[in-house]
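Could you build the full structure based on these sequences and the hints that come with them?
As they're listed, the protein sequences go chains F and H. According to my numbering, the first sequence is numbered sequentially starting from 1. According to my numbering, the second sequence is numbered sequentially starting from 1.
Certain hints may be false.
Stated by the list, open to error - Listed next, the in silico BS3-like pairs over lysine-lysine satisfying Cα-Cα at most 25 Å (straight line):
1) F:K194 x F:K210
2) H:K252 x H:K212
3) H:K2 x F:K88
4) H:K212 x H:K149
5) H:K2 x F:K78
6) H:K151 x H:K96
7) H:K2 x F:K128
8) F:K194 x F:K88
9) H:K252 x H:K96
10) F:K222 x F:K194
11) H:K175 x H:K151
12) F:K129 x H:K175
What the hints contain is simulated information worked out from the structure, not anything from laboratory work.
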Amino acid sequence: MSATIIETVDITKVYGMGDISVAALNGINMKIEAGEFVAIMGPSGSGKSTLMHILGCLSQPTSGQYILDGEDVSNLDKAQLAAVRNRKIGFIFQAYNLLARTSALRNVTLPLLYNHADTKVSVEEGDKKARAMLELVGLGERVNHQPHELSGGQQQRVAIARALINNPVMVIADEPTGNLDSRSGEEIMNLLHKLHGQGTTIVMVTHDQKIAAHTQRTIVLKDGVIDIINHNGNHVGQDDILPVSERNIIPLHNEQKVQHEAA
Amino acid sequence: MKPLEAIRIAWEAILKNKVRSLLTMLGIIIGVAAVIIMVAISAGTEAAIQDQITSLGSNLVFVQGAMTRGGPGQAPTGGLVYDDAAAIQDGVSGVKAVVVEQNSSETVKAGDVTLEDVEILGTTTGFPSVRDMDIAEGRYFNETEIERKSKVVILGYAMAQELFGDSSPIGEYIKVGNTQLAVIGVFEEKGLVGNTDFDSRIYMPISVVFQKFTPSMFARFMGDSVRMIYVEVEDGVNQDTVIAGIERLLIKRHDVTADTEDFTITTQQDIISTRESTTAAFRSLLAWVAGVSLIVGGIGIMNIMLVSVTERTREIGIRQAVGATPADIRLQFLTEALMLSVVGGLIGTLVGISGAYIFGALSDMRTVIQASSILLAFGSAAAVGAFFGYYPADQAAQLDPIEALRYE
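Here you go:
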């Protein structure tokens, strides 16, 4: 389990053109290994959402390279990116983003619908797998419930089951507990821990220090560059990626100057 | 995404908004139903005309008098006179029979029933065979009765009903204007032929009409004018030859030239052509109306699909996030538009077929449902759906997943 899932090389993202252009990301270099549980933090405007979108193949860097699971995805077209999202990435959103008036089961099988790979499963197999996934997230009894019949925490668990259905190489969670009360939030975090324990790679975007503390590593962005990487008291063999000069807090390369970014 | 999945998703989307879907389809439903009903009516009319023409026989030539304008102080002169008929019979070869017709209208009384403005048709003995009329009761008048100006009358079917109800009118007398006539026969029901109602007329010897109902001071010099002369052409004789013969004869008799003819000669074929061109014009008008309503229906579909794409922006974002390609999204919305139009087309077909059937049953117009019109209407509906559905589907496909996911 030492394969590199994410590797970025000098990723930048510039919005707008010419004089009014704004750099949201200004040279991001990072690596995430298979099986890691990583948090991306940063104040609003720091570029963490932009980074998440690029890592999730929802948008592309302006320059730089993004190698996902050994494949350079920096220059793919829309359809190819969609296929990468389908096969390699599972999303968990703050607002759950389930299809309304659609059963939990159909929500979980949704990614299978767009699986164009040869390994495509039949509808029956897909349903079976989706039931297993719902079982895994503790909703085995609620496969036919629609989102409005489920609590927020339950909806988020359906979303987690959906994220896992295509056996992705990583799960990207965007503020997964943001819309939940603390108890449901804790349940979701426990579930993510459980998945992590089973070997799932998880990249979580959050602004909540307490939630971030659940992870092995926290990458803190500021003004479009990586500010610090906090090992959260764990040492998980990241030395080959970034040299550890201090136990927990690693200052970044000197050449990554603080950029001023319009809010 | 498999096409089957696309169809399932589209069907579910339509069912989630039943009322809106139905309203969206309304334009298509009306368009398709209109095409089917209109084509059924026009085909029915055509079939009815064809039947009438067949019942008339195809070897008839109609000679009609055309009124020519008289000079100041002069009465207009009617083209045809009674003697022309005899001249045609004797002077043109290939003529099998000649029938003359002159009409007028009068008040008719029988017992205490009075009918105003009843059409009187004076004619000759060949009339029943030339116009394919059968006597239901009693008999038709003969040559002797024409010569003697006998006061006898044959009633049209509806006339007999109106004047005498269910009792037999044979042997009864009716008063036409001031003239008393004996009823000697009743025709069988014939119905409308073209614009002529054969059942609401009374028929009598043409000599009686000349004497009592259309007396003219010019008759003494020119002969009694007649409205129409039917010339039945002998079997195997070229109709055009006979027409040319009649024309030559009448030009000579009337002392006119080919440019100042006071009569017109038409054939069954001319009437068919006129009718056909009329129905063809009617049909192309219908095609335009139907086409416009289908286009309006298509715009309705496009409108609702654009609304639907906007409304479901977030859904599109979710689908894109989990791996739907632009082609997948386009297929989904195009399928939905197509399904709206096809289901609308199906409902429209059912409405059209039952509408044509009910229309045919309730009115006296005949309707013939044409399979080709169903195919045409259905095909155009589907084409309209595909055409007007493409733009909204493409809009959906072009959405940026991040923007779409943020959409509230």
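Exercise. Going back to the hint list, which numbers does this structure go against?
Worked result: 2, 6, 10 and 12
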